[in-house]
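S.K.: Just so you know, the protein sequences line up as chains A and B, in that order.
Just so you know, we're using my numbering here: the first sequence kicks off at 24 and counts up by one.
Just so you know, we're using my numbering here: the second sequence kicks off at 24 and counts up by one.
Where chains are identical, the list cannot tell them apart; a pair therefore holds if satisfied intra-copy or between any two copies.
Dumping the calculated DSBU-like pairs for lysine-lysine here, alpha-carbon to alpha-carbon at most 35 Å:
hint: 1; residue 1: Lys145; residue 2: Lys71
hint: 2; residue 1: Lys352; residue 2: Lys153
hint: 3; residue 1: Lys26; residue 2: Lys267
hint: 4; residue 1: Lys356; residue 2: Lys263
Hints listed in this document are in silico derivations from the structure and should not be mistaken for laboratory results.
In this text the structure is predicted, and so the values were computed from the model without any measurement.
The primary structure of each chain is shown beneath.
Protein chains: 2
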Amino acid sequence: MSKLPDITTNFPEWYQEVIYAAELADQAPVRGCIVIRPYGNAIWDEIKTVLDKKIKDTGHENAIFPVLIPLSFIEREAEHIEGFAPELAIVTHAGGKKLEEPLVVRPTSETMVHHMFAKWIKSYRDLPLKINQWANVMRWEKRPRAFLRTSEFFWQEGHTAHETQEQALEETLLMLSEYVDLAENYLAIPVIQGRKSASEQFPGAQATYTFEAFMIDGKALQMGTSHLLSQNFAKSFDMKFQNKEGQMAYPYLTSWGATTRLVGAIIASHGDQNGLVLPPRIAPIQVIIVPIYKTEEQQAHVFMIAQEIVAQLKKAGIRAQCDTNDQMKPGAKFFKWEMRGIPLRIELGPRDIENNVALVASRLGGDKQTIALDQLHHQIPGMLETIQHQMFDRAQQRYAKMWHKVDKLAIFGKQLEEQAGIYQTGWCKDAACEQLLKPYTGSIRCLLENSHEMKECFGCDMPAVVDVIAAKSY
Amino acid sequence: MSKLPDITTNFPEWYQEVIYAAELADQAPVRGCIVIRPYGNAIWDEIKTVLDKKIKDTGHENAIFPVLIPLSFIEREAEHIEGFAPELAIVTHAGGKKLEEPLVVRPTSETMVHHMFAKWIKSYRDLPLKINQWANVMRWEKRPRAFLRTSEFFWQEGHTAHETQEQALEETLLMLSEYVDLAENYLAIPVIQGRKSASEQFPGAQATYTFEAFMIDGKALQMGTSHLLSQNFAKSFDMKFQNKEGQMAYPYLTSWGATTRLVGAIIASHGDQNGLVLPPRIAPIQVIIVPIYKTEEQQAHVFMIAQEIVAQLKKAGIRAQCDTNDQMKPGAKFFKWEMRGIPLRIELGPRDIENNVALVASRLGGDKQTIALDQLHHQIPGMLETIQHQMFDRAQQRYAKMWHKVDKLAIFGKQLEEQAGIYQTGWCKDAACEQLLKPYTGSIRCLLENSHEMKECFGCDMPAVVDVIAAKSY
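Based on the provided sequences and hints, a complete structural model is requested.
M.R.: So, in structure tokens, the structure goes:
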């Protein structure tokens, strides 16, 4: 029952310790890798369930592509290999022999998927082709941090092919909007969406769209990306189809992905000094009942009523559990389930049962209320929804406080470096000005393509072409 | 619309072609690997759903361990490295550098999991520890065959630790029985369960239990295994706990796994000359409606009624779909969905609708019956259950015909080699006699530990200690 490091003054250590204390993950004996423990995996599974449904509802089908990709595939698209070369893990030997051609553990699967697309796509009738895969990928990580940056991570990667550029762009933006919905309405994390600058694009893409969130410490986290690949990869992989006019043409491609980083985003967006705070819609356990008793007779009775409540809540669609461990005291259980961020705790003792009530405590605000036993399954669904919205609102209020509209880097640079936060400013679109953020450990997180509030570029005297968000980032 | 190779005279080619024709999988550009296409993945997902529920209902939790394992881990258990060394894929370079220690792409995860267990298990209170992971694994394959033997394959691997040998054995046999239930009651595949001979055990295990099925061609397929690891690995990984008496002790371990090979088992157990035949309980689509029409007006009306039927069937818990593709003729659709093994096809035309009926055709027997439209959702669930049982019975009858109780290898060896089939015989338990099967391309598939019908060993003059199943295998 050790206390977590101070979340305000020592956020990085708080982040690491809460992951161990809530048993989300553990360090693995391979550089930059983690073991995702059952509770961490359960959160990821909830996210996967929501996202998988979105992916299927928008007409995509899941498939599985090999984890090993010939190195020559990665090299075929020039920007792609340049971007990924430093992060590759390479298999040189297999089956007791040196391989004729090295294989890489996939850092992403565009090249493998496009090789197969080239076999499958023959005519416009085969388009659109909309495939997704849930997979592990590997990008050798120099500064690992559990969930946020790990050498191996887990994600879905969508890959689609279309007849026209318009359709591909529509797909790119549709999947971005599905991600934003996931982040805001399930993870309760407000995001800023926009296009990446050319220097931050996916290697080989024509345009990359991102959705960025801001953690408790004011640093930005790229939550996921959606890429308009256009025809680059199609040309590299000789992927052609006969169009409606009977001519051979290259299809327009997209890809988009979101990762186990989303688990890290939940931790670092909502946590507090007592541990995790999970948004109800993705909490693997939404309600935990802690039974309180002294005698064995009381125990039997309280357990029985608790199980009835669990059954009723489950019938109402609530993920509820009773903590029947009889080696732990109630206080230790409160501590444990607070650390794990369970949205609602029900305290249930013999006197409560006599009075036909239970005490329901909210993890978010800590406030408690007494509710009649036969009202629990009526009231709790609404209480969970309220918490869900409160969490989103609280995060939005946090953003409002750290959001600065600023003119010139010379003025806001030091503040950005020292206090982090969200800096909306103007940019001339020159990469040289973008580079000026580096000494302040900042970067352009995204272009706000429809926003032109700023008159001058933050870095030079040229007019601003577009507003951007500058920030420190993970 | 090409015909499949003859299933009776040319089973291996039939098997390969049906996989392409039903779009289950495609060859990948990496030796021994396949791409699992959406329809193949959908079947695997149905199997996963059933098996994952069984795993959770028996008290196991899912976690994720790294795909890369230090080579030194694999080497720590002597039999383990001896068994797996020839099949390893090895990462020697990562992040632009040669690694100090090579990493292997996991062939199985005992060593990684046990390293972590040694950190997590301190006291008898931490036991039993019951973990499962769904993962990709890699064993370099010399003679690949889609789903049955691939270099990369997909599976779940359960890993548990217990206080006593009895508890570990109980777990080993419990999970074997869950697998048998999956095979027989969901995949409709009868299996023979038993213990593996010492030479066929999992490298490092004390005992391996298997469930074996027999394919259409009379060859055995190992469907999955459950291992009593006992204390071997615990000792190699210095995994100790304080027992109830306050002493330090090694826990008793188990592991058990089933793979994408199960998809291959379904194909090779139930298929026929027209393609796949899927057992209803794991068919991703259980009912396909093929609308029949000539005019656009008819099309609109038939589609509308078809969608109503789909909605009603879905409400009754049936996975139903209407094939609304208007580029294909009904005949081509019949062919397509037969190839994909959909259990029931509904043919629906304007005249049927006028008469308030539809024609329902069974994939298994091909028989058709006319059913009133408002009775479809009442009758179809029962029809699917009947097909499920018929498929199991049909497979059992096939086994009965190929099951021979035989005395001496000198007599049945040639027959085993030339006709495959199931050969129940007696064994003295001497490995030298087991070796005598090799020239006949046979092996001992499992020991029938409770069966002692045979008096003499098949290979020598010694008394038989136990009955065994000898067969050719995949």
